[in-house]
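There are 2 protein chains.
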Amino acid sequence: MTHDYVAIDTLKFLLYNVHKVEDLLQKERFSEYDKTSIDIFIDSVKTFSDTALHPFIKEMDEKPSVFKDGNIYVHPQFENIIKGAGEMGLVGAIYDFDDGGMQLPSTIFHAAYFIMEAANNHVPGYFGLTAGSANLILSFGNQKLKDTYVPNMLDLTWGGTMCLTEPQAGSSLSDVTTLATPTDKDYYQIKGQKIFISAGDHQFSSNFVHLVLARIKGAPAGTKGVSLFVVPKNRPSENGEFTYNDAAIAGEFEKMGQKGYCTTHIVFGDNNDCRGWLVGEANKGLSYMFQMMNEARIATGRMGAGIASAAYFSSLKYANERPQGRKLNKSGKKNTDEEQTLIINHPDIKRMLFTQKAIVEGSMSLIFQTATYVDKEMTSTNAEEKEKYNLLLELLTPIAKTYPAEQGIQSISNAVQILGGYGFCFDFMPQQYYRDIRIIALYEGTTGIQSLDLLGRKITMKKGKALELLAIEIQETITAASAFVDLKPYANTLLENLGLVQKVIGSLMPHAIEGNYERFLADATVFMDFFGTIVIGWQWLKTAVIARQTIKDGNGNQPIAFYDSKIHTMKFFYTYEMPRTKGLAKTLMNDKELTIKVSKELF
Amino acid sequence: MTHDYVAIDTLKFLLYNVHKVEDLLQKERFSEYDKTSIDIFIDSVKTFSDTALHPFIKEMDEKPSVFKDGNIYVHPQFENIIKGAGEMGLVGAIYDFDDGGMQLPSTIFHAAYFIMEAANNHVPGYFGLTAGSANLILSFGNQKLKDTYVPNMLDLTWGGTMCLTEPQAGSSLSDVTTLATPTDKDYYQIKGQKIFISAGDHQFSSNFVHLVLARIKGAPAGTKGVSLFVVPKNRPSENGEFTYNDAAIAGEFEKMGQKGYCTTHIVFGDNNDCRGWLVGEANKGLSYMFQMMNEARIATGRMGAGIASAAYFSSLKYANERPQGRKLNKSGKKNTDEEQTLIINHPDIKRMLFTQKAIVEGSMSLIFQTATYVDKEMTSTNAEEKEKYNLLLELLTPIAKTYPAEQGIQSISNAVQILGGYGFCFDFMPQQYYRDIRIIALYEGTTGIQSLDLLGRKITMKKGKALELLAIEIQETITAASAFVDLKPYANTLLENLGLVQKVIGSLMPHAIEGNYERFLADATVFMDFFGTIVIGWQWLKTAVIARQTIKDGNGNQPIAFYDSKIHTMKFFYTYEMPRTKGLAKTLMNDKELTIKVSKELF
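Line by line, the protein sequences give chains A and B. Sequential numbering of the first sequence, starting at 219, is according to the working numbering. Sequential numbering of the second sequence, starting at 219, is according to the working numbering.
Keep in mind the hints are simulated off the structure, nothing from the lab. Ideal Cβ positions, reconstructed from N, Cα and C, are used throughout, including at glycine. One should not assume that every hint holds.
Cβ-Cβ distance ranges computed for the label pairs, FRET-style [as the list claims (entries may be wrong)]:
id : chain 1 : residue 1 : chain 2 : residue 2 : range
1  : A       : 241       : B       : 808       : 34 to 40 Å
2  : A       : 240       : B       : 469       : 34 to 40 Å
3  : A       : 704       : B       : 395       : 32 to 38 Å
4  : B       : 675       : A       : 810       : 53 to 59 Å
5  : B       : 262       : A       : 439       : 51 to 57 Å
6  : B       : 727       : A       : 810       : 34 to 40 Å
7  : B       : 500       : A       : 269       : 17 to 23 Å
8  : A       : 294       : B       : 729       : 56 to 62 Å
9  : A       : 284       : B       : 252       : 53 to 59 Å
10 : A       : 385       : B       : 703       : 45 to 51 Å
11 : B       : 469       : A       : 385       : 38 to 44 Å
12 : B       : 545       : A       : 284       : 39 to 45 Å
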């Protein structure tokens with residue numbers, strides 16, 4: 219089956235067969251849905267993506283969003299897109315019915331966005347950030363804030379943003395300096411600057427609702443003094459009219475990729491007339507934000523996987539059409555009388571295609587795996603079970619963000635390479651995807667930040683309980699795989715790798731216990747690479763078990779080759795990617811401290 | 219010592235201390251030179267790069283070369299550059315004095331171009347390709363061709379190109395179809411199309427001299443029927459006037475990077491009036507071209523390393539200036555009362571900087587190592603010794619091309635990452651270098667082609683003699699390193715890796731012996747990664763030995779920290795990069811044939 223940018227058959231196989239979304243639909247929260255209605259939703263998103271999104275991806279790169287006279291102007295197609303997405307309810311897909319939402323599982327939400335981002339990664343951030351910011355208001359805001367803002371955001375009449383980063387602070391949110399000064403009214407005066415604000419503005423939404431992290435005058439230093447505010451671009455007044463709220467778009471960052479999607483610089487209160495409304499309690503802004511952060515991080519990884527998916531299919535199409543070179547004969551020579559062969563017949567091209575397939579589908583599976591934990595945590599009625607899913611979610615989230623970002627870059631580099639010199643040229647898509655994806659490892663916490671989170675917080679939290687729970691899940695897959703003769707060797711490899719994780723952590727933990735956190739975390743990024751590879755190995759084995767079982771049971775709705783391809787790609791992953799873990803473990807267990815206490819003169 | 223784009227101190231240390239260029243200068247061919255005159259030459263190239271090249275790199279990206287009315291227009295600064303480079307003799311740097319050249323060692327030529335490419339990679343290809351094409355004429359052309367073309371090329375009044383690739387053939391040169399029809403004059407009529415012709419045209423050279431691979435009517439199929447022609451854009455006539463030679467620039471490829479450097483599509487003989495002059499003998503074109511290929515491949519790798527060098531220093535500067543975050547205290551918390559620390563103090567940033575330093579300087583060393591073999595082969599008077607250096611050159615060339623290309627991409631990805639969100643923005647340079655370098659793995663034979671060359675030809679040639687010779691060279695370094703207590707463990711690691719190479723080759727060779735070349739070469743690219751890493755490990759150990767000896771002897775002209783930095787970076791390479799070889803070896807010794815005889819349905 220050929221695809222343009224996403225393998226819908228694989229996406230559904232992962233959803234229904236591997237991650238058993240139908241079990242989720244048994245929960246009361248999702249009881250309005252069955253497989254048929256989910257299929258209809260996914261197929262409608264695919265149609266929307268085919269018609270409204272994918273045809274415009276190249277144009278959006280060629281004609282980037284521009285900043286002019288204090289406003290951002292995006293590609294004219296956004297008008298149709300915003301209208302379509304609003305009508306389809308994509309913003310409120312996971313919200314309660316009572317809040318005007320569709321009350322879909324998070325897993326389905328992510329599947330839908332995966333499709334859209336694979337079709338055109340310059341666009342869905344506009345819905346996704348509106349969804350995230352409206353969700354913050356729904357979760358922590360008072361009724362008046364909800365009533366004032368959420369309905370207009372749900373249909374994208376208004377857009378929403380998340381304003382965290384400041385010029386002087388970067389990733390360091392404890393250094394946020396945007397100031398909120400109390401007034402004798404229900405609002406605060408806001409003053410400060412925010413940068414790198416994605417989806418900050420455009421000409422097709424009449425208002426923007428910024429969710430801003432700021433420090434109330436006199437608040438404690440650090441993250442404990444950070445509060446969350448709703449700061450609209452235009453503030454509604456009692457009489458239903460709107461006043462400009464002194465929230466100025468001061469510029470746009472020009473970027474190497476994702477050019478259709480604006481990245482703005484916003485100045486709040488330059489004329490001392492910027493009003494902000496506190497969300498929830500004072501000084502709890504960061505904890506509110508972090509409750510949305512897991513979803514935002516899964517979403518970022520998902521976008522990376524989506525871009526890599528599009529690049530994979532772009533290079534697969536080329537490999538299936540481009541004749542070049544010949545097979546070598548028994549004496550190692552080519553017979554030039556033969557016609558040239560399609561390049562897909564060269565092993566090196568197949569290696570580059572399987573590498574992409576392994577990364578793209580492995581990432582897709584991890585995104586869904588992580589999202590099912592969101593749904594399971596939310597719908598669970600048992601405290602212990604709820605905690606279990608929460609811990610699993612917390613542990614996997616930084617990996618779900620990072621693996622598709624970092625390995626997605628590698629994946630797309632393979633797509634570029636398959637096209638040879640054409641891969642570098644604007645006439646073909648891989649070069650654009652290669653540029654687009656590079657932001658994913660920076661968005662929403664860089665790879666370094668995610669890695670500190672993984673090793674410094676998630677591995678150690680509750681005395682390692684999250685890792686214990688994950689090991690149980692992985693062990694289940696190992697047990698299931700061991701029942702099949704052809705999968706057993708891979709199950710053994712995964713088991714060995716689980717042991718290696720213990721060994722590595724055993725070697726690192728003493729540093730934490732001694733209070734030497736700098737040493738403990740020095741190679742956190744290497745640990746992320748190591749652990750992430752093993753987690754994707756788990757996802758692939760899990761996928762292969764279901765594929766093998768389906769072939770055995772003879773009850774699949776896809777051709778046998780489809781299931782074979784999953785088992786084959788799993789083997790490829792274990793043969794070409796998993797062996798990396800040994801070298802990474804060796805690096806992690808080194809005792810040389812080469813990046814600690816090193817003088818600057820050494821560079 | 220701070221640098222903008224290249225570490226001149228390191229470059230000279232590698233040239234004089236590690237690769238002992240002064241020994242080369244003892245050879246008669248180079249006897250006009252000593253260290254002082256070489257230093258003057260290098261320093262003048264650095265000054266030229268500082269003033270004429272580096273200040274324009276960003277502009278050349280922003281205002282790319284354009285195709286208009288059959289001509290290519292490049293950045294106006296090229297006028298000064300062409301004039302300066304012509305006056306400095308950069309085209310004929312390695313030619314004989316008798317040919318109007320400077321008769322410099324190839325090693326010095328590559329050092330000079332390294333500096334220029336680090337300063338501005340959009341430019342030196344214009345000189346380099348003119349140098350390469352004039353060299354083809356000098357080496358294989360008759361006196362008339364030499365007299366007609368070379369003098370004007372030497373000072374860049376005319377430019378030169380290499381025309382290999384055709385639209386239908388790509389890397390497959392056996393499928394060249396450009397036709398050369400004999401006439402009763404001294405020329406052939408040329409008809410055909412060439413694509414991806416770098417430096418194909420610009421407004422500041424009055425003529426271009428294309429070195430074109432074509433097939434003489436009736437010539438045998440395949441590479442055995444390919445001849446080499448001089449095809450000028452404008453042909454000189456007896457009376458000293460010039461006639462347009464029907465060699466039309468048909469367009470330019472728009473690219474994601476290296477935009478100041480044109481990549482043209484040339485149509486020869488569309489009006490049946492394109493004349494070409496045979497270089498050397500008929501049907502030997504490819505062998506002539508391949509005698510230039512080693513230099514061209516070293517040059518391409520050098521360009522990759524140069525770009526990575528510039529990105530490294532760009533990110534190092536940022537890391538030294540940007541405050542963000544704080545160190546963790548004993549309880550794993552940050553003290554927000556402290557001022558923010560410079561990001562260079564974070565271990566993860568240092569890891570990313572050392573990764574770059576290890577790749578950039580390791581690549582630089584390999585380029586020089588390979589170039590010394592060019593010089594040694596050329597100046598050797600002993601047949602056995604000449605063969606030895608030729609074999610070492612042949613073996614290392616595909617690695618010198620590929621390691622800086624592929625690892626250069628990884629290196630610059632680290633530079634982008636160090637800048638956080640700014641790394642993705644046009645305001646900073648790493649994103650440009652990240653785009654620029656991506657072509658290096660495609661130019662001059664893709665990574666896949668280089669890898670087939672390495673494993674399929676170079677490892678096996680003369681029954682593995684090249685590898686035996688390399689093992690002797692590496693063993694010398696191991697022996698020297700073993701004399702120092704702190705280097706001995708790394709010497710042992712390198713020795714183990716040499717053993718691993720033997721093991722891997724031992725596992726692959728039976729496939730070749732059985733005539734199963736497809737299987738033998740299926741993972742050639744993985745082998746390249748594996749073997750290339752070990753070769754760079756050798757270069758680093760060799761560098762560390764010299765650094766340690768210099769500290770011991772107390773006779774260095776640099777601060778001790780300079781030599782310490784070499785030893786430290788060697789340790790970093792062995793701790794963070796070398797461990798990869800074990801996993802790669804495991805992949806290479808797999809018996810699964812996952813990329814062979816796989817049906818297309820599996821994608």
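Here is what the structure says about each hint:
{"no.": "1", "hint": "A:241 with B:808: 34 to 40 Å", "in the structure": "holds, 37 Å"}
{"no.": "2", "hint": "A:240 with B:469: 34 to 40 Å", "in the structure": "violated, 54 Å"}
{"no.": "3", "hint": "A:704 with B:395: 32 to 38 Å", "in the structure": "violated, 47 Å"}
{"no.": "4", "hint": "B:675 with A:810: 53 to 59 Å", "in the structure": "violated, 38 Å"}
{"no.": "5", "hint": "B:262 with A:439: 51 to 57 Å", "in the structure": "holds, 55 Å"}
{"no.": "6", "hint": "B:727 with A:810: 34 to 40 Å", "in the structure": "holds, 36 Å"}
{"no.": "7", "hint": "B:500 with A:269: 17 to 23 Å", "in the structure": "violated, 57 Å"}
{"no.": "8", "hint": "A:294 with B:729: 56 to 62 Å", "in the structure": "holds, 57 Å"}
{"no.": "9", "hint": "A:284 with B:252: 53 to 59 Å", "in the structure": "holds, 58 Å"}
{"no.": "10", "hint": "A:385 with B:703: 45 to 51 Å", "in the structure": "holds, 49 Å"}
{"no.": "11", "hint": "B:469 with A:385: 38 to 44 Å", "in the structure": "holds, 43 Å"}
{"no.": "12", "hint": "B:545 with A:284: 39 to 45 Å", "in the structure": "holds, 41 Å"}
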